[in-house]
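> In order, the protein sequence lines correspond to chains U and G.
Its first residue numbered 32, the first sequence is counted upward by one per residue in this note's numbering.
Its first residue numbered 1179, the second sequence is counted upward by one per residue in this note's numbering.
No lab work stands behind these hints: they were computed from the structure.
Because the structure is a prediction, the values reported are computed rather than measured.
Beta carbons: idealized from backbone N, C-alpha and C, even for Gly.
Warning: the hint list may mix true and false statements.
[As the list claims (entries may be wrong)] Facing chain U, according to a computed beta carbon distance under 7 Å, are these residues of chain G, among others: (1) T1181; (2) L1182; (3) L1194; (4) P1196; (5) Q1197; (6) L1200; (7) V1203; (8) H1258; (9) A1260.
[What the hints assert, rightly or not] Chain U regions said to be covered by chain G (calculated; three or more residues, Cβ under 8 Å): (10) 51-65; (11) 140-148.
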Amino acid sequence: MMTSAPQSFREASARLRVQGLLDAGSFTEWLGPARRITSPHLAALDAPVSFDDGVVVGQGLLEAQLVVVIAQEGLFNGGAVGEVHGAKIRGALLRAIEVRARAVLLCVDSGGVRLHEANAGLIAISEIMRALFAAQAAGIPVIALVGGTCGAFGGMGIVARLCDALLISEEGRLGLSGPEVIETVKGVEEFDSRDRALVWRITGGKIRRTLGEATLLLDDDIAAFRAAAAKEMMGSKTMGDSPRQRGLSPDALQTLEAAQRHLEARAALDPGIRDGQQVWQHMGLGEEVALMDPAEFNRCLEARER
Amino acid sequence: METLHLELPSLQDDTLSPQTLLHGVVSSGNLEVLVEPGPDAARCVFEVQTAAHGFSEVWQAVLCDFASRHPVGGLTFSIHDAGATPAVVSLRLDQAYQSLRTS
């Protein structure tokens, strides 16, 4: 098999990510840029708008299976969710049910709600959550892919954690309040958002995978994301195998109890721990953790989790 | 936002497939350009929405240069600009033209 040079997921635009994730030439976009469905709120504020309001949605094939794909553009207003942007995501999730998609690939690259759009943005996030639950209840797994420049923060951080699987690169970040927000509210003594190493030790892919919030750590390579998403999709053997769907089945109690035990173990960590490095020390992992590549890192954690 | 509308003479390249194409992203110092089939084969149309006011002469110079360097007659270029410098505008337009030729 030919192997091509890795194409950075982080550096790619939302459109390039979609192209790289799907089988070649299989993507059909819904509400594409030529439709010019732009934000009325940004226009009212005399701010620049984007032809696709910062999100690409549509359907295509992944390993010949019909999937719905949603990709936020992190460089347009920080991937923030406005009314149109949110409606496109919600609509795509609901459309996945209609077309009986095998899975939804949700490329989250967002700081959360678009502040220009205030309540409309907040409502959009809650509508996305409801649509996501509807897709899961219909047996369609939703797979979050986090590896863009913005990561997944705010409301979209919550949305990412509602997904059936969360694939993240070491460069990817996941959290609720972003570093700049924490620094603004609590002061630089609490969190120095310019300390890149600190930011990644707290919000980065490695620590999120360690804490069980991400399913798998990946190389910053679109092909790696594609392969992992395909594996997750195939792993949910049939329609109706999404964990959310299983949650309605008799083993729901076991699933809940396992989640509870995981949370209790996490709460029992030394309250003095304030940094990913301390978490790894506490787990008995040395400083070499920081230098492990994703494959080695996943193996190391899987061995411990067994 | 400032709006500019410009129609310039340009050669037509029949080998370009008539399709719409979006290139670039609206972010600080950057722009997106949507390429679509235009009304007149002998001219290209530019629709610009820019956050930087008062630069229409510079826009005109950059777009005239682009229309003379490439056969882009019969195409419309719609631009959402968030303060891209002239060099970046030229670069993005060239990239959009390249994508048009290779797709």
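> A separate judgement is required for each hint: does it hold in the structure or not?
Here's how the hints hold up against the structure:
1. T1181: 11 Å, violated
2. L1182: At about 14 Å, which exceeds the 7 Å cut-off, the nearest Cβ of chain U leaves the hint on L1182(G) violated.
3. L1194: Violated, because the Cβ-Cβ distance from L1194(G) to chain U comes to roughly 16 Å (cut-off 7 Å).
4. P1196: 12 Å, violated
5. Q1197: At about 10 Å, which exceeds the 7 Å cut-off, the nearest Cβ of chain U leaves the hint on Q1197(G) violated.
6. L1200: Result: holds, 4 Å to nearest chain U Cβ.
7. V1203: 4 Å, holds
8. H1258: 6 Å, holds
9. A1260: 5 Å, holds
10. 51-65: holds (count 3)
11. 140-148: Violated - the region 140-148 of chain U has 0 residues with a Cβ nearer than 8 Å to chain G, which falls short of three.
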